[in-house]
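Trainee: In case you want the letters, here they are:
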Amino acid sequence: MNIKHSPHPLLRPFLTLGPLLLVLTLLLAACSQAPKPKWRLTDIQGHMPDLKFQLTNDDGKAVTAADYKGKITLLYFGYTHCPDVCPLTMTRMHVLMQRLGKLADDTQFLFVSVDPARDTPKVLHQYVTAFDKHAVGLTGSRDAIRALAKRYRAAFDRGKEKDHGGYDVNHSSAIYIFDAQGHARLLATPTSSTGDMVHDLHLLIQMEKNGS
Amino acid sequence: MKTLLSLVLASTLAVTASAVAAAPQAHSNVSVSHAWIRVLPGALPGGGYATVHNHGEQAVQLVGADSPAYGHIMLHKSTTEGGVSRMAAVKAITVPAHGQVAFAPGGYHLMMMQAKTPVKPGQSVPVTLHFASGATLKVPFKARPANAIDDTH
Numbered sequence: 001m002n003i004k005h006s007p008h009p010l011l012r013p014f015l016t017l018g019p020l021l022l023v024l025t026l027l028l029a030a031c032s033q034a035p036k037p038k039w040r041l042t043d044i045q046g047h048m049p050d051l052k053f054q055l056t057n058d059d060g061k062a063v064t065a066a067d068y069k070g071k072i073t074l075l076y077f078g079y080t081h082c083p084d085v086c087p088l089t090m091t092r093m094h095v096l097m098q099r100l101g102k103l104a105d106d107t108q109f110l111f112v113s114v115d116p117a118r119d120t121p122k123v124l125h126q127y128v129t130a131f132d133k134h135a136v137g138l139t140g141s142r143d144a145i146r147a148l149a150k151r152y153r154a155a156f157d158r159g160k161e162k163d164h165g166g167y168d169v170n171h172s173s174a175i176y177i178f179d180a181q182g183h184a185r186l187l188a189t190p191t192s193s194t195g196d197m198v199h200d201l202h203l204l205i206q207m208e209k210n211g212s
Numbered sequence: 213m214k215t216l217l218s219l220v221l222a223s224t225l226a227v228t229a230s231a232v233a234a235a236p237q238a239h240s241n242v243s244v245s246h247a248w249i250r251v252l253p254g255a256l257p258g259g260g261y262a263t264v265h266n267h268g269e270q271a272v273q274l275v276g277a278d279s280p281a282y283g284h285i286m287l288h289k290s291t292t293e294g295g296v297s298r299m300a301a302v303k304a305i306t307v308p309a310h311g312q313v314a315f316a317p318g319g320y321h322l323m324m325m326q327a328k329t330p331v332k333p334g335q336s337v338p339v340t341l342h343f344a345s346g347a348t349l350k351v352p353f354k355a356r357p358a359n360a361i362d363d364t365h
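Chains as they are written, first to last, in my numbering: chain A, 1 to 212; chain B, 213 to 365.
Don't take every hint at face value.
Below, simulated BS3-like cross-link-like pairs (lysine-lysine); rule was C-alpha separation at most 30 Å, straight line [claimed, not checked]:
#1 B:Lys328 - A:Lys122
#2 B:Lys354 - A:Lys122
#3 A:Lys150 - B:Lys289
Label-pair restraints from in silico Cβ distances [to be verified]:
#4 A:Arg142 - B:Gly254: 17 to 25 Å
#5 A:Gln206 - B:Glu293: 28 to 36 Å
#6 A:Gly211 - B:Ser245: 22 to 30 Å
#7 B:Pro357 - A:Met207: 52 to 60 Å
#8 A:Gln98 - B:Gln335: 31 to 39 Å
Worth flagging that the hints you see were computed from the coordinates, not collected in a lab.
Ideal placement from N, C-alpha and C gives every residue a C-beta, glycine not left out.
For reference, chain A alone in the conformation it holds in the complex (with noise of 0.2 Å):
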């Protein structure tokens, strides 16, 4: 009678998991050298300041960047009187918000009107909640909005005075993530996927929940 040798019953789940163990304690070692994480957006974290601005809220009310503490904030810059490219990047927002499901109670979005002469906060309010609930309206003083614009390099220029009234303002796509501290970590153009976002502010919210 042939006999392999073979380990004691008791033992074989052990030996099973050696490798297993052994692939575990590498990435614990691994781990605790903080590998950069795996961004899908472009990573500005240290290369922008913190958010700080002095702006007047779609309520009407006076608010600050301390204002928007302990939540992750995205910010954008546009206008009401946008038809395409503004309510474009709003749905892209709600539909982000919508992917990310309860998480999006621990996410807030800051449009930024750089046309403060036709968006006072009446007008803002009515956009911005046409959108999202976790959509805010900011305005202001030109100034106050140059100042936030230009912290983030962020250029705006109005456009000529169109034949039927009114007018176009250029200014920039980009959508700047910061954590709940307010900390720039993130950048997004208006073109990046929803998952690419999803995927980012995923790990962002569990990196806060992890206190890193």
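Given the coordinates of chain A, assemble chain B onto it according to the supplied hints.
Mentor: Only chain B this time, still in chain A's reference frame:
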């Protein structure tokens, strides 16, 4: 009296005749699909979107649009280059022979301005497209909410 009657008759005929002459010819080689309007709150201008198909042997040029529901409609194109979004008026958009041009968010769109009465999502809004040849095409556009997702692609 007779003179007055004939004068009235003549002017009525003249009006009818000019109306007939002015009635533009509907474009037989062009069709439109997925026509919709993103309705924004209040008096804000909305974006009109559609895909224009040219079934003919010759390229056609779309040069304008109007609607009884809006005071003014402009042909526009959005571009985003070097991180800056811009919008520009467009004089004409060529739809190649046996080709199509999509008016879609982030590109070509109709800027629907000065709604005469508030347009409500779900409503069908008649829009007449004008071509360089003088031909026109009346198309129903479906009014959709501000956060509607483009489903043309």
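Trainee: Each of the hints needs a verdict: does it hold here or not?
Mentor: Now the hints, each set against the structure:
A hinted pair counts as satisfied when its Cα atoms are at most 30 Å apart, and lysine 328 of chain B with lysine 122 of chain A qualifies at roughly 21 Å. Using a Cα cut-off of 30 Å, the hinted pair lysine 354 of chain B and lysine 122 of chain A holds, with the two alpha carbons roughly 27 Å apart. Restraint check for lysine 150 of chain A and lysine 289 of chain B: the C-alpha separation of about 27 Å stays at or below 30 Å, so the hint holds. About 22 Å separates the C-beta atoms of arginine 142 of chain A and glycine 254 of chain B, a value consistent with the hinted range of 17 to 25 Å.
Our hint of 28 to 36 Å for glutamine 206 of chain A and glutamate 293 of chain B holds, since their Cβ atoms are close to 34 Å apart. For the pair glycine 211 of chain A and serine 245 of chain B, the supplied restraint of 22 to 30 Å is violated, since their beta-carbon distance comes to about 53 Å. Taken as a hint, the range 52 to 60 Å is violated for the pair proline 357 of chain B and methionine 207 of chain A, whose Cβ atoms sit roughly 35 Å apart. For the pair glutamine 98 of chain A and glutamine 335 of chain B, the beta carbons lie near 25 Å from each other, so the given range of 31 to 39 Å is not met.
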